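For the record, the sequence lines run as chains A and B. Each step along the first sequence adds one to the number in the working numbering, with nothing skipped, and position 63 is 63. Each step along the second sequence adds one to the number in the working numbering, with nothing skipped, and position 99 is 99.
Heads up, a few of these hints could be off.
Pairs of lysine-lysine, DSBU-like flavour, derived with a Cα cap of 35 Å [said to hold, decoys possible]:
1) A:Lys160 with A:Lys65
2) A:Lys65 with A:Lys279
3) B:Lys131 with A:Lys99
4) A:Lys160 with A:Lys41
5) A:Lys41 with A:Lys99
6) B:Lys131 with A:Lys41
7) A:Lys99 with A:Lys279
8) B:Lys131 with A:Lys279
9) A:Lys65 with A:Lys99
10) B:Lys131 with A:Lys160
11) A:Lys99 with A:Lys160
If you want a taste of the chain A side facing chain B, the calculated C-beta under 10 Å gives, among others [what the hints assert, rightly or not]:
12) Ala4
13) Asp5
14) Phe6
15) Tyr8
16) Arg10
17) Leu40
18) Leu44
19) Gly101
20) Asn107
21) Gly192
Non-contacting residues of chain A with respect to chain B, defined by C-beta distances greater than 10 Å in every case (computed) [stated by the list, open to error]:
22) Ala22
23) Val28
24) Gly33
25) Asp52
26) Gly139
27) Ala159
28) Ala161
29) Glu177
30) Ala210
31) Asn225
32) Leu250
33) Ile259
34) Ala261
The set of hints was computed from the structure by calculation and includes no laboratory data. Please read all numbers here as calculations on a predicted model, not as lab measurements. Glycine included, every Cβ here is placed at the ideal spot set by N, Cα and C.
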Amino acid sequence: MYPADFDYVRATSAQEAVDLLAQNADSVLLAGGHSLIPMLKLRLTHPARLIDIGRVDEIRGVCEKDSTLRVGSLTTHNEIASSEIVQSQCRFLAEAAGKIGDPQVRNKGTIGGNIAHADPASDLPAVLVAVGATVHLLGPDGNRSIAAGDFFTGLLTTAKAPGEIITEIEIPACCEEGFGCAYLKVEHPASGYAVCGAAARVKMDGGTCAAASLAFNGVTPVVFNAWSDGSPLAGGPADDAAIDAAIDELAIDEPMGDIHASGEYRVALARAYGKRALKAARDRS
Amino acid sequence: MGVRINLEVNGESYEREVEPRQLLVYFLREELGLTGTNVGCETSLCGACTILVDGQAIKACTQLAVQADGSSITTIEGLATNGDYHPLQQAFWDCHGLQCGFCTPGMIMAAADLLQRDSSPSETEVRQALKGNLCRCTGYHNIVRSVMTAAEGGS
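Isolated chain A, as found in the complex (with noise of 0.2 Å):
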């Protein structure tokens, strides 16, 4: 199974990368390969040309300032899910990455390829939606910033202009005092995609619940957040009546459904899941 034919460029900096995209519009990055590579396999794409930026140092790797985690997009799966840095300072996006596929995909796959390909039953949208990370890109025009929330815009599609380049996803830091979070999941059991998966983060403030988000993967075409214009936990106790209470008010509408789960069992799912999320997060507060 051979893909069709391309040309083949190997770029050693993100800047040389953009330009190289500048040169020729029927270009594709390849970082990992393992979302592109079997789409190349299976011809549902043909570029003429590959820039391959799996030798692009300078973005990847991940570091602390702040209070924020820096993550490079060209960082696999398998750095960020045995990073001490994203366990002690973003456990569920840990969580996350060590979920995603099996040991030999983790260490070529990576998070900036993961969010470029935006599957929606892939692990680390939700995660990235919930926590309210920052993609930065780099483009024609220099740099720019996006909200995670607003990256992802459909099935398989992004904000990213087809001339960009992902260079780093900043991920403010959120398992300081009273902060807690979860990535549950539920896989399908041949491709270990997620039928469903479901982020949540909570801060709590004494016995009082501060803020919580949610979001979930599987569900939609699109990553799923909760509650984008607040929580309905936010003031209250977070207790377990109150988290059964959100989720069963939620409404999921249009999930996706195909053979090997239907949009219902999604949604049952989402609201099974979403509710041992919020509780898990909440007693890691």
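Here the structure of chain A is known, so what remains is to put chain B in place on it, guided by the hints.
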């Protein structure tokens, strides 16, 4: 348009011109004649094509040969030393860790990645490390036992 690549496979250096679209697993099998690495599902699910690239287990059906330029690769053919089986190979033999044998090279390479990071894994850790490798004969029990035996043997 061919691309010239240099890489090391099982300790030997190779220089070849490859089509950019050639998958690494076919480069190993058809260009270098190293047919120990099998092609199973070809969709990065079954793990039969698992090899080590720069020490990390990857699925060679989902990597282009050009991406491996400059890398050091180990395949199943590179594990035995001076005719002696690698402890994992010996343990798979001793514990009957294979029946048809098709998944075995991938299983062993994935296990080799685990054991170089953790020389005494728990059974759960072994099963997690082999999550990306499918076997359709054994039910995994003897495969896990083989890896545990190799670990105890100090591989």
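How the hints compare with the structure:
1. Of the supplied pair hints, the one linking Lys160 of chain A and Lys65 of chain A holds, its CA atoms being roughly 26 Å apart against a limit of 35 Å.
2. Between Lys65 of chain A and Lys279 of chain A the alpha-carbon distance is near 29 Å, which keeps this suggested pair within the 35 Å criterion.
3. This hinted pair checks out: Lys131 of chain B and Lys99 of chain A have alpha carbons roughly 11 Å apart, not beyond 35 Å.
4. Using a Cα cut-off of 35 Å, the hinted pair Lys160 of chain A and Lys41 of chain A holds, with the two alpha carbons roughly 24 Å apart.
5. Between the alpha carbons of Lys41 of chain A and Lys99 of chain A the distance comes to roughly 24 Å, so the proposed pair stays at or under 35 Å and holds.
6. For the hint linking Lys131 of chain B to Lys41 of chain A, the alpha-carbon distance of about 23 Å falls within 35 Å, and the restraint holds.
7. This hinted pair checks out: Lys99 of chain A and Lys279 of chain A have alpha carbons roughly 20 Å apart, not beyond 35 Å.
8. For a cut-off of 35 Å, the pair hint linking Lys131 of chain B to Lys279 of chain A stands: about 28 Å separates their Cα positions.
9. Taking the CA atoms of Lys65 of chain A and Lys99 of chain A, the gap is about 26 Å. The hint holds against a cut of 35 Å.
10. The straight-line distance between the Cα atoms of Lys131 of chain B and Lys160 of chain A is roughly 33 Å, inside the 35 Å bound, and the hint therefore holds.
11. A C-alpha spacing of about 25 Å is found between Lys99 of chain A and Lys160 of chain A, which places the hinted pair at or below 35 Å, so the restraint holds.
12. At its closest, the beta carbon of Ala4 of chain A sits 7 Å from a beta carbon of chain B; the interface hint therefore holds under the 10 Å criterion.
13. Restraint check, Asp5 of chain A versus chain B: the minimum CB separation of about 6 Å is within 10 Å; hint holds.
14. Below 10 Å, beta-carbon pairs count as interface contacts, and Phe6 of chain A has one with chain B at about 6 Å; its hint therefore holds.
15. Checking Tyr8 of chain A against chain B: minimum C-beta separation of about 4 Å stays under 10 Å; hint holds.
16. A distance limit of 10 Å between C-beta atoms decides the matter here; for Arg10 of chain A the minimum to chain B is near 8 Å, and the interface restraint holds.
17. Given the 10 Å rule on beta carbons, the hint for Leu40 of chain A holds: about 7 Å separates it from the nearest Cβ of chain B.
18. Using the Cβ-Cβ criterion of 10 Å, the hint placing Leu44 of chain A at the interface with chain B is not satisfied: the shortest such distance is roughly 13 Å.
19. The closest approach between the C-beta of Gly101 of chain A and any C-beta of chain B is roughly 7 Å, which is under the 10 Å cut-off, so the hint is satisfied.
20. Taking 10 Å as the C-beta cut-off, the interface hint given for Asn107 of chain A holds, the closest approach to chain B being about 5 Å.
21. A cut of 10 Å between beta carbons decides the hint on Gly192 of chain A: the least distance to chain B is about 8 Å, and the hint holds.
22. The non-interface label for Ala22 of chain A is consistent with chain B: the shortest C-beta to C-beta separation is roughly 21 Å, beyond 10 Å.
23. Even its closest Cβ contact with chain B, about 13 Å, leaves Val28 of chain A beyond 10 Å, as expected for a residue assigned away from the interface.
24. Residue placement check: Gly33 of chain A does not keep its beta carbon more than 10 Å from all beta carbons of chain B (closest about 6 Å).
25. At the 10 Å boundary, the C-beta of Asp52 of chain A falls inside the reach of chain B, the nearest C-beta of that chain being 7 Å off.
26. No beta-carbon of chain B comes within 10 Å of the beta-carbon of Gly139 of chain A; the shortest separation is about 25 Å.
27. The claim that Ala159 of chain A is not at the interface with chain B holds, since no C-beta of that chain comes within 10 Å of its own (minimum 27 Å).
28. Once the 10 Å rule is applied to beta carbons, Ala161 of chain A is consistent with being away from chain B; the minimum gap is 25 Å.
29. With 10 Å as the threshold on Cβ separation, the claim that Glu177 of chain A sits away from chain B holds: the shortest Cβ distance comes to roughly 32 Å.
30. Every CB of chain B is more than 10 Å from the CB of Ala210 of chain A (nearest about 36 Å), matching its label as outside the interface.
31. With 10 Å as the threshold on Cβ separation, the claim that Asn225 of chain A sits away from chain B holds: the shortest Cβ distance comes to roughly 30 Å.
32. No beta-carbon of chain B is positioned within 10 Å of the beta-carbon of Leu250 of chain A; the least distance is around 32 Å.
33. Listed as outside the interface, Ile259 of chain A is consistent with that label: its C-beta sits roughly 17 Å from the nearest C-beta of chain B, beyond the 10 Å cut-off.
34. With a least CB separation of 19 Å from chain B, Ala261 of chain A remains clear of the 10 Å interface cut-off, as annotated.
Of the numbered hints listed earlier, those contradicted by the structure are 18, 24 and 25.
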